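Colleague: On the provided structure of chain R, position chains W and Y as indicated by the hints.
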Amino acid sequence: MNAAIIYGRLLESFLLNCKLFVVTLIFGLPLGLVIAFGSISRFKPLAYLTKTFVWVIRGTPLMLQIIIIYFVPSLVFEVYLWSGISGGRFWASAAAFIINYACYFSEIYRGGIESIPLGQSEAGQVLGMTRAQIFFRVTLLQVIKRIVPPMGNEIITLVKDTSLARIISNKEVIMMAEEYTAKGLIWPLFSTGLFFLAAVGILTLLLGYGEKKLGYFR
Amino acid sequence: MPILEVKNLQKSFGSTEVLMDIDLSLEKGEIISIIGSSGSGKTTLLRCLNFLEKPGGGQILVNGEKIFDAADPLSQKDSEIRRKRLHFGLVFQSFNLFPQYTALGNVKLASELLAKERKDYKANKKEILNRIDEDARALLNQMGLSDKMNNYPHQLSGGQQQRVAIARALALSPDILCFDEPTSALDPELTGEVLKAIKELAEQHRTMIIVTHEMNFARVVSDRVIFMDGGVIVEQGAPEEVFDKPKEERTKRFLAKIDGD
Amino acid sequence: MKRKKIIAMLIAALMCAAALTACGSGTSSTEATPSASAEDTGSDASNATGNPTEDSGSEGSDYSYITDKGELTIGITIYEPMNYYDENGGLTGFDTEFALAVCETLGLEPVFQEINWETKEVELSAKTIDCIWNGMTITPERSANMSISLPYVKNAQVIVVRADSGVTSAADLIGKTVVAEMGSAGEAQIAGDEADESLAQADYIGKTKQTDCLLEVKAGTADAAVLDWTLAKSMVGEGTDYSDLIMIEGLELASEEYGIAFRKDSDMTEKVDAVIKELANGGTLDALAEKYGLSLAPALTD
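Residue numbers (the working numbering), protein chains in the order written: chain R, 1 to 218; chain W, 1 to 261; chain Y, 1 to 302.
Everything labelled a hint here was simulated from the structure, so no lab data went into it.
Treat the hints with care, since some could be wrong.
What the hints assert, rightly or not - The calculated BS3-like cross-link candidates involving lysine-lysine, where the alpha carbons are at most 25 Å apart (straight line), are:
id: 1; chain 1: W; residue 1: K148; chain 2: W; residue 2: K199
id: 2; chain 1: W; residue 1: K116; chain 2: W; residue 2: K126
id: 3; chain 1: Y; residue 1: K233; chain 2: R; residue 2: K183
id: 4; chain 1: W; residue 1: K7; chain 2: W; residue 2: K28
id: 5; chain 1: Y; residue 1: K176; chain 2: Y; residue 2: K154
id: 6; chain 1: W; residue 1: K66; chain 2: W; residue 2: K84
id: 7; chain 1: Y; residue 1: K277; chain 2: Y; residue 2: K154
id: 8; chain 1: Y; residue 1: K69; chain 2: R; residue 2: K171
id: 9; chain 1: W; residue 1: K28; chain 2: W; residue 2: K84
id: 10; chain 1: W; residue 1: K257; chain 2: W; residue 2: K245
id: 11; chain 1: W; residue 1: K84; chain 2: W; residue 2: K116
id: 12; chain 1: Y; residue 1: K154; chain 2: R; residue 2: K183
id: 13; chain 1: W; residue 1: K66; chain 2: W; residue 2: K54
id: 14; chain 1: R; residue 1: K44; chain 2: W; residue 2: K54
id: 15; chain 1: Y; residue 1: K176; chain 2: Y; residue 2: K233
id: 16; chain 1: R; residue 1: K183; chain 2: R; residue 2: K171
id: 17; chain 1: W; residue 1: K28; chain 2: W; residue 2: K148
id: 18; chain 1: W; residue 1: K66; chain 2: R; residue 2: K213
id: 19; chain 1: R; residue 1: K212; chain 2: W; residue 2: K148
id: 20; chain 1: R; residue 1: K44; chain 2: R; residue 2: K145
id: 21; chain 1: Y; residue 1: K69; chain 2: Y; residue 2: K218
id: 22; chain 1: W; residue 1: K66; chain 2: W; residue 2: K126
id: 23; chain 1: Y; residue 1: K69; chain 2: R; residue 2: K183
id: 24; chain 1: Y; residue 1: K291; chain 2: R; residue 2: K183
Note that the structure is predicted; figures quoted are calculated from it, not measured.
So here's chain R without its partners, still in its complex pose (with noise of 0.2 Å):
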């Protein structure tokens, strides 16, 4: 078979893992913010449940929650959910992907936001300014600052991540290589690895963009 052809489909078909990747982290990174907040909240019963949540989220493999979160629904509860919308297969991975990493990140904000002094918070509640103001103005940037790193991590398991969505048989990347490897043709199921390599290597390439951008202060 044509080579052309071949890393033609395998292009197409990485555009879902691509598009899994900006799904999961533009709904996933403000969720993980509302969950760390959950996780840190002055109200016990609400920062237990969240932490529960959390470590359901965490304790259990992102493989199964794809496979609950797409046949629960229907077989459980008779509620036909992802047949009902277009590209239900695609949006229900989505929606696993961004509750599992949305936990992670929780866990990434939260070790940041405590780790700013508590001085930073102090000055600000005696110079008058709101709660509001004082995460906005003075400790989310030195969160941000604080967390680049190990949110780089994540975001670059994710890309890799978004490969398990074929367990539902969405057609991403590794899934399209594998009709080949039913064929006895392996060298599609090994170049799949350079298409995520370019993908990791531009984020890498970001990420330290940003870090630098950050370094005005410390």
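Modeller: Okay, now just chains W and Y, sitting in the frame of chain R:
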């Protein structure tokens, strides 16, 4: 009328009573130093005044207005507290400057945020912000930092950072300026510049409460010295009285320990 | 505070337990309307046990559900010669063309959806596909759980080995490694009640796809694979990508037939059966069978 009155102030952390029935009064333009060993409650007292700690009992009055009453929950609401805080300014031992803002930015930030709540903000936005900028520059000049305005905290020495912190606290024109051991975190050669800045404020008759270990400085700058120990005010009076002719045993022992160092 | 923690933990544990038992007991509500909250359906499920229950596939008419959609979502795996991509990336194959013909007659838009074979029944119940149409062997268990069409193609399970292996019978494979696709008829020949005597004494490894089995035999990590004759015929031997593999001559295990599976008690099946008969009588199926080197089931050739 005293600018500040503290009545029966009490504060416990868990089962430890850190402030026991503190009574204090301060006149406008008066400068008091609070001395004592660690654990005496002096920092806690200062933090209570600035609403960083909530007293378990007692009242705080500023210019006769009761701004805190432990018995009245209404006086303790967050929205109320924010307004009342502005009577006080606090300079921290560890400066607590905001690292992502320049010296000038640090001084301006709170004023700019408060200005947004003014009714005439939208109409006069430009003038308001200009004014804030000018005032901030003036304060930094006053602190001897005219050439450091665009530097970030990590580019400044400890003494310079603390002076920015003082300017930042002054920017909101507090009635009473508090200092929580302002030089304790500084290298010895840098304490001088900060003490000088505070002395200049004293000469302008700013009302100040200074918690400090610098006894010589306290003697020179204060109108009144308060010695605290074990959560109570043991003795207070003019510096010469307290330092040279202490009446209480505990005061004598404390001063002897200090001298012995 | 400690008490609140214990209460919160108990509530969380109760919710987990409720969710798990709901999964286990299967659906028992006869209402087709989706419920607003999980708790409602939870109590419906527990109230309805003891009432006569119908499976989810029978609510309303499957046929109306599908025709209202206008689309028939067809669950497939890429598997020569039934469904596969040609050089230009177009989907083709016996089942592909067969399905296209049936859909045209019924006025439905065919949507081919690749699925994982081992979760095919789950996908069907979940309504993420409307039928399984991929060279699926008809078995008693499958007939009990799904509504299956007329048998349309004959098949058998064959054993594929390396040409140079010297293996000529099932008995040669005792104690050797044999692979098959999980959930397939081939697997049933090796493990399980209906297993072939000799093969039952081999070491079995399950694979997610039939075609992965071919890879293992080729790579030498398995000694033999038990696969559909229809697949082996088109993918193994001279002129194929697996030219160094062969089927053991004259060895056919468990003759079987292929059928199309719909949800249990679906009324779609009889509609499709009618079209199948039409296509058989009209010669369309014969032509397809010849094109792809398959044999039609006796039910259609009578």
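Colleague: Given the hinted pair K28(W) and K148(W), is their Cα-Cα distance within 25 Å?
Modeller: This hinted pair is violated, its Cα atoms lying about 32 Å apart.
Colleague: Does K66(W) pair with K126(W) here, judged by a C-alpha cut-off of 25 Å?
Modeller: Answer violated: K66(W) to K126(W) is near 36 Å, above 25 Å.
Colleague: Does K245(W) lie within 25 Å of K257(W) when you go C-alpha to C-alpha?
Modeller: holds (15 Å)
Colleague: Given the hint that K69(Y) pairs with K183(R), does the C-alpha gap stay at or below 25 Å?
Modeller: Given pair K69(Y), K183(R) is violated - Cα atoms ~35 Å apart, limit 25 Å.
Colleague: Check whether the Cα positions of K116(W) and K126(W) lie no farther apart than 25 Å.
Modeller: holds (12 Å)
Colleague: Are K28(W) and K84(W) close enough, with their CA atoms no more than 25 Å apart?
Modeller: OK: K28(W) and K84(W) at ~17 Å, within 25 Å.
Colleague: Straight-line Cα separation of K212(R) and K148(W) no greater than 25 Å?
Modeller: holds (23 Å)
Colleague: Measure nothing beyond the straight line between the CA atoms of K277(Y) and K154(Y); if it is 25 Å or shorter, mark the hint as holding.
Modeller: holds (16 Å)
Colleague: When you check the alpha-carbon spacing of K84(W) and K116(W), does it fall within 25 Å?
Modeller: holds (18 Å)
Colleague: Hey, K183(R) versus K171(R), does the alpha-carbon distance stay inside 25 Å?
Modeller: The given pair, whose Cα atoms are some 17 Å apart, holds under the 25 Å limit.
Colleague: Compare the distance between the alpha carbons of K69(Y) and K171(R) with 25 Å, and conclude whether the hinted pair is satisfied.
Modeller: With a Cα-Cα distance of about 23 Å, the restraint between K69(Y) and K171(R) holds, given a limit of 25 Å.
Colleague: Within a Cα-Cα threshold of 25 Å, do K148(W) and K199(W) meet the stated pairing?
Modeller: holds (21 Å)
The earlier numbered hints that this structure contradicts are 5, 17, 18, 20, 21, 22 and 23.
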